[in-house]
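Participant: Now for the letters of each chain:
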Amino acid sequence: MKGIEVGSSPDAQTTVIVEGSHSTSSTHEAGLSPAAVLRSVFREERFFLILSVFIGIFSGLAVVCFRFLIDWCRIYLLGSGAVLSPWRIVLAPTLAGLLIAVLVIHIFPQSRGSGVNQTKSALYIFNGHMSLRTAIGKFLTASIAIGSGHSLGPEDPSLQIGATLASVLGQRMRLSRDRMRLIAPVGAAAGLAAAFNAPISAVLFVIEEVIGRWTAGILGSVVLAAVSSVVVMRWFLGSESLFRIPSVELRRPSELIAYAILGIIGGLASVAFASGIGNLRPRCKALPQWTQYFQPAFAGLLIGIIALLGAPQVMGAGYEYIDEAMHGQFTWQFLAILAGLKIIATLLSFVSGTPGGMFAPTLFIGAMLGAAVGGAEHALLPHLHWSPGTYALVGMGVLFAGFLRAPMTSVFMVLEVSGNYSIIVPVIVANTFAYVISRALQPAAIFDVLTRQDGLELPSMEEQREENILRVEDAMRPHSGPILNADDVIEKALHVLRKSSSSALLVRLQPGGWGCLSREEVEKRVADGQGDATLGSVLEGQHIPSLHPDNPLDMALRYVDRWPLVPVVNRANLRKLEGVITQRDVLDRYRDFGGE
Amino acid sequence: MANESVHRDFSIYLRREPVLLALLSVLAVLATLAVGGLSRIFHAQQDALATRWSARGAADLKAQHFQDAATEFRTALLYARGDFNYELSLAQALLGLKRTGEAEAYLVNLWSQRPENGLVNLELARIAAGRGNMSQALRYYHNAIYAAWPGDQEAQEINARLELIHYLLSINAKTQAQSEMISLAANLDDDPAHQANLGALFMRAQDYEHALAAYRRSLDVAPHNAVALAGAGTAAYELGRYAMAQRYLQHALEEAPGDAQTAERLRVTELVLRLDPFRSQISVAQRNRNVIAAFVAAGQRLKSCQAAAGPLVSANSNADLQAEWDKLKPVMNASGLRGNPDLANTAMNLVYRIERRSNLGCEAPTDTDLALLLIAKLHEGN
Numbered sequence: 000m001k002g003i004e005v006g007s008s009p010d011a012q013t014t015v016i017v018e019g020s021h022s023t024s025s026t027h028e029a030g031l032s033p034a035a036v037l038r039s040v041f042r043e044e045r046f047f048l049i050l051s052v053f054i055g056i057f058s059g060l061a062v063v064c065f066r067f068l069i070d071w072c073r074i075y076l077l078g079s080g081a082v083l084s085p086w087r088i089v090l091a092p093t094l095a096g097l098l099i100a101v102l103v104i105h106i107f108p109q110s111r112g113s114g115v116n117q118t119k120s121a122l123y124i125f126n127g128h129m130s131l132r133t134a135i136g137k138f139l140t141a142s143i144a145i146g147s148g149h150s151l152g153p154e155d156p157s158l159q160i161g162a163t164l165a166s167v168l169g170q171r172m173r174l175s176r177d178r179m180r181l182i183a184p185v186g187a188a189a190g191l192a193a194a195f196n197a198p199i200s201a202v203l204f205v206i207e208e209v210i211g212r213w214t215a216g217i218l219g220s221v222v223l224a225a226v227s228s229v230v231v232m233r234w235f236l237g238s239e240s241l242f243r244i245p246s247v248e249l250r251r252p253s254e255l256i257a258y259a260i261l262g263i264i265g266g267l268a269s270v271a272f273a274s275g276i277g278n279l280r281p282r283c284k285a286l287p288q289w290t291q292y293f294q295p296a297f298a299g300l301l302i303g304i305i306a307l308l309g310a311p312q313v314m315g316a317g318y319e320y321i322d323e324a325m326h327g328q329f330t331w332q333f334l335a336i337l338a339g340l341k342i343i344a345t346l347l348s349f350v351s352g353t354p355g356g357m358f359a360p361t362l363f364i365g366a367m368l369g370a371a372v373g374g375a376e377h378a379l380l381p382h383l384h385w386s387p388g389t390y391a392l393v394g395m396g397v398l399f400a401g402f403l404r405a406p407m408t409s410v411f412m413v414l415e416v417s418g419n420y421s422i423i424v425p426v427i428v429a430n431t432f433a434y435v436i437s438r439a440l441q442p443a444a445i446f447d448v449l450t451r452q453d454g455l456e457l458p459s460m461e462e463q464r465e466e467n468i469l470r471v472e473d474a475m476r477p478h479s480g481p482i483l484n485a486d487d488v489i490e491k492a493l494h495v496l497r498k499s500s501s502s503a504l505l506v507r508l509q510p511g512g513w514g515c516l517s518r519e520e521v522e523k524r525v526a527d528g529q530g531d532a533t534l535g536s537v538l539e540g541q542h543i544p545s546l547h548p549d550n551p552l553d554m555a556l557r558y559v560d561r562w563p564l565v566p567v568v569n570r571a572n573l574r575k576l577e578g579v580i581t582q583r584d585v586l587d588r589y590r591d592f593g594g595e
Numbered sequence: 000m001a002n003e004s005v006h007r008d009f010s011i012y013l014r015r016e017p018v019l020l021a022l023l024s025v026l027a028v029l030a031t032l033a034v035g036g037l038s039r040i041f042h043a044q045q046d047a048l049a050t051r052w053s054a055r056g057a058a059d060l061k062a063q064h065f066q067d068a069a070t071e072f073r074t075a076l077l078y079a080r081g082d083f084n085y086e087l088s089l090a091q092a093l094l095g096l097k098r099t100g101e102a103e104a105y106l107v108n109l110w111s112q113r114p115e116n117g118l119v120n121l122e123l124a125r126i127a128a129g130r131g132n133m134s135q136a137l138r139y140y141h142n143a144i145y146a147a148w149p150g151d152q153e154a155q156e157i158n159a160r161l162e163l164i165h166y167l168l169s170i171n172a173k174t175q176a177q178s179e180m181i182s183l184a185a186n187l188d189d190d191p192a193h194q195a196n197l198g199a200l201f202m203r204a205q206d207y208e209h210a211l212a213a214y215r216r217s218l219d220v221a222p223h224n225a226v227a228l229a230g231a232g233t234a235a236y237e238l239g240r241y242a243m244a245q246r247y248l249q250h251a252l253e254e255a256p257g258d259a260q261t262a263e264r265l266r267v268t269e270l271v272l273r274l275d276p277f278r279s280q281i282s283v284a285q286r287n288r289n290v291i292a293a294f295v296a297a298g299q300r301l302k303s304c305q306a307a308a309g310p311l312v313s314a315n316s317n318a319d320l321q322a323e324w325d326k327l328k329p330v331m332n333a334s335g336l337r338g339n340p341d342l343a344n345t346a347m348n349l350v351y352r353i354e355r356r357s358n359l360g361c362e363a364p365t366d367t368d369l370a371l372l373l374i375a376k377l378h379e380g381n
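The listed protein sequences correspond, in order, to chains A and B.
Per numbering that gives the first Met the number 0, the first sequence starts with residue 0, numbered consecutively.
Per numbering that gives the first Met the number 0, the second sequence starts with residue 0, numbered consecutively.
Bound conformation, chain A alone (with noise of 0.2 Å):
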């Protein structure tokens, strides 16, 4: 039987020996009908896996498209050179703004905004649904913001549009509650894949930003639907990455201490960029209605100013000068100019209700700053190994991990964009001080601050993270009552107990398990005539399952309402005791835990 797997199907009686790429089915076998056949093929998870599939490619196809809009309106509105004009620079961005409002106001109220936190709501609260209508304006007024310049990126915007044609596809399809519920994060994975041209962080980030947990049913399909979805993304606009990767080395383990330092110092960066959003956001929001017309249009005259004044590199998603700043073209003091310049657009264009991403803004100013913190390191220290595509990497992941606060994706991020495995020491140790700054000086994430400030209450991913969870071995206490054998007779159960204060007994069960005897069940017996009976007779069949300290409190809930008490039993010796753990136990430690 080596290299065959077998698997059972219990819904169709079905059996399905795979070996190797050759699979046969006994169907014909047990006698199944076409429909039985076709009901075990349709099941709801192969089904749901199958449209994943279907869910990437159309995710695929929609950012493809967006990406041909955000190209079409930079060539129309800014002009097709890599110098602009100086009148399109600030007329691009002002007018550009002043559509977006009024199309924003009147036909697609819901395009602002997080695409994250909207895609959260439709799994937490609108059972998965959302507002085609939502995507298509966030697919044009997204377009629109970062062709003319809005410091924004297509990554968000994207995330949404996956998600919204994925639960459109599942309104369609008719799914299930709890199947509606996790499409739309698979389009969202989708989405992003596509617009990163990197599946795996996309997969990452779903998991720990929008879905919270990791589940085999929810993996298969976002790992499909995200792989799907970048194949698309790269038949069309081609496999390469969104910027030349230099080559990275860490010569010396005292190097560290530098990346440390970039740490610390974007881990600084994130706060004042988050606190900056999270401030100055209601504050617009609480201007009169007539200026949510023209904030947009402001961001992005000033946007246009800076641009004019030196720096049109903080227009739109600047990945070319992510590239540009990775191969050394600017000085360390520019670079940090830049990084600052680029928090101040991406605060101007996001807080006036601009809709686009903040993804790849993080990127860049990541990247500068990394870059800059590296060229002062070398300024300082010349001795020390510099090379600023280590550093603006590294910052991207720091910036990741502090800003959006998803410390995982952050690391195989850069991993995933550099594909040189020699820079996950660097980044680990960089995203760990800017994760642990991030986390001290603003205490929730960005993410959960947006949505706070929306007016819902979506679970927050990272209290999720770090939730304690309570255990067995929190509410368990030593066993002090009796424990008879199986071989023992109900008689003697009785005279036990009535010498015990306990109001029950356990039973070591022969050849293993436990039991668990009540006093008045003892008592109920005996006067029944069953007195010279066995306990394992009497308990046959009644085995209560193993209970171990480490397993979650939540499992002891489902056994201790129907035995007395449920032995704790040892993982590697089933017989021997730790404990004990009943009803009140459990509810004791649970409303001790709430007053925590």
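Hints were generated in silico from the structure; no laboratory data involved.
Since the model is a prediction, treat every value here as computed from it, not as a measurement.
Hints may contain errors.
Unchecked claim - Taking beta-carbon pairs under 10 Å as the criterion, some of the chain B residues facing chain A (in silico): (1) S24; (2) S38; (3) K328.
What the hints assert, rightly or not - Listing some non-contacts, in silico: residues in chain A with all C-beta distances to chain B over 12 Å: (4) D70; (5) I135; (6) K284; (7) A285; (8) G339; (9) L440.
C-beta atoms are modelled at their ideal positions from N, C-alpha and C, and glycine is treated no differently.
Dock chain B against the given chain A, drawing on the hints supplied.
Facilitator: Below, chain B alone, put in the same frame as chain A:
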């Protein structure tokens, strides 16, 4: 009844998932076709923009307007991401702007795509040479020589090797340069300019024999080439073949009468030929006259050297030579030389020693002194 039930179940599923999936597949194909159409329009526009900007970049690169060229090639790359030729041109513009690090990043990336590309290897070799990284420079130069070149492959190979030779000569790696030149000579055609160029390179490597051969090959095809004539004359001069040198230099001067350097070399050559007492086909009387003239010139050289250096220095350094000269002086006449056949050799040995030592520590030699030095070199060991 059972058949009806099966049929009903089947039809239900036909209305559901399989059909929906089939519809989705059709929709996906249609959407892909539609996006494919859009993609064609998009890419056509991108290609047109890339072509337009790269054409401007190429013109500016040719005119050595490197800043504009770099901007234009960057713009072209916005529309044709990863295009090999645009990236290469951008790297060249960046090199023109002395932004070597950035250019190198592009070139290394291009090299990883096409390690056989000649121009990429050549540019990387230049960067490595500029940084003084000889081993890397040699590796890239050799890659460039044996690489694939567009157009005239042979000419590009020769140019790459010529550049390598220039680099090796610039770092004084004459032996390696010589072996490259010998390889080059084997591949070079009879073009007189190429051969003259090769001769000049051999001259720089002080390989006068090969230099003379190259110049002569050049002169076989273009006998009136003044540069080749002067080069051949100089090579012959350095080899001590003064008669041949005189011939080539005279012709060179006939072709280019204003060439002061050749005229000077010819004058020294003629002096060597005139003063050399051991030249064949001269009479004994003439030989004796040459020996006496050389002896007198050496004495003058010694005196002027002593006068320039001062009494203390001269007393220590040239006193032995002066004593020898003084000792020989009474017999250094025609009758003395006739009476003692060894005297000529003894006197000329003294002359050689005086000229050599004076050349090390005294003022610049006169033409006669230079000629005597060359004669000393010519008859070294005799």
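Participant: Against each hint, give a clear statement of whether it holds in the structure.
Facilitator: Consistency of the hints with the structure:
Because the beta carbon of S24(B) sits about 8 Å from the nearest beta carbon in chain A, less than 10 Å, this interface hint is met. A hinted interface residue such as S38(B) counts as satisfied when its beta carbon comes closer than 10 Å to some beta carbon of chain A; here the least separation is about 5 Å, so the hint holds. A distance limit of 10 Å between C-beta atoms decides the matter here; for K328(B) the minimum to chain A is near 68 Å, and the interface restraint is violated. Once the 12 Å rule is applied to beta carbons, D70(A) is inconsistent with being away from chain B; the minimum gap is 7 Å.
Every CB of chain B lies more than 12 Å from the CB of I135(A), the least distance being 15 Å, so the non-interface label holds. The non-interface label for K284(A) is consistent with chain B: the shortest C-beta to C-beta separation is roughly 36 Å, beyond 12 Å. Residue-level check passed: A285(A) sits 40 Å from the nearest beta carbon of chain B, beyond 12 Å. Non-interface status of G339(A) relative to chain B is upheld: no Cβ of that chain comes within 12 Å, the nearest being about 23 Å off.
Every beta carbon of chain B lies more than 12 Å from that of L440(A), the smallest distance being close to 36 Å; the non-interface claim holds.
The structure fails hints 3, 4 (numbered hints given earlier, in ascending order).
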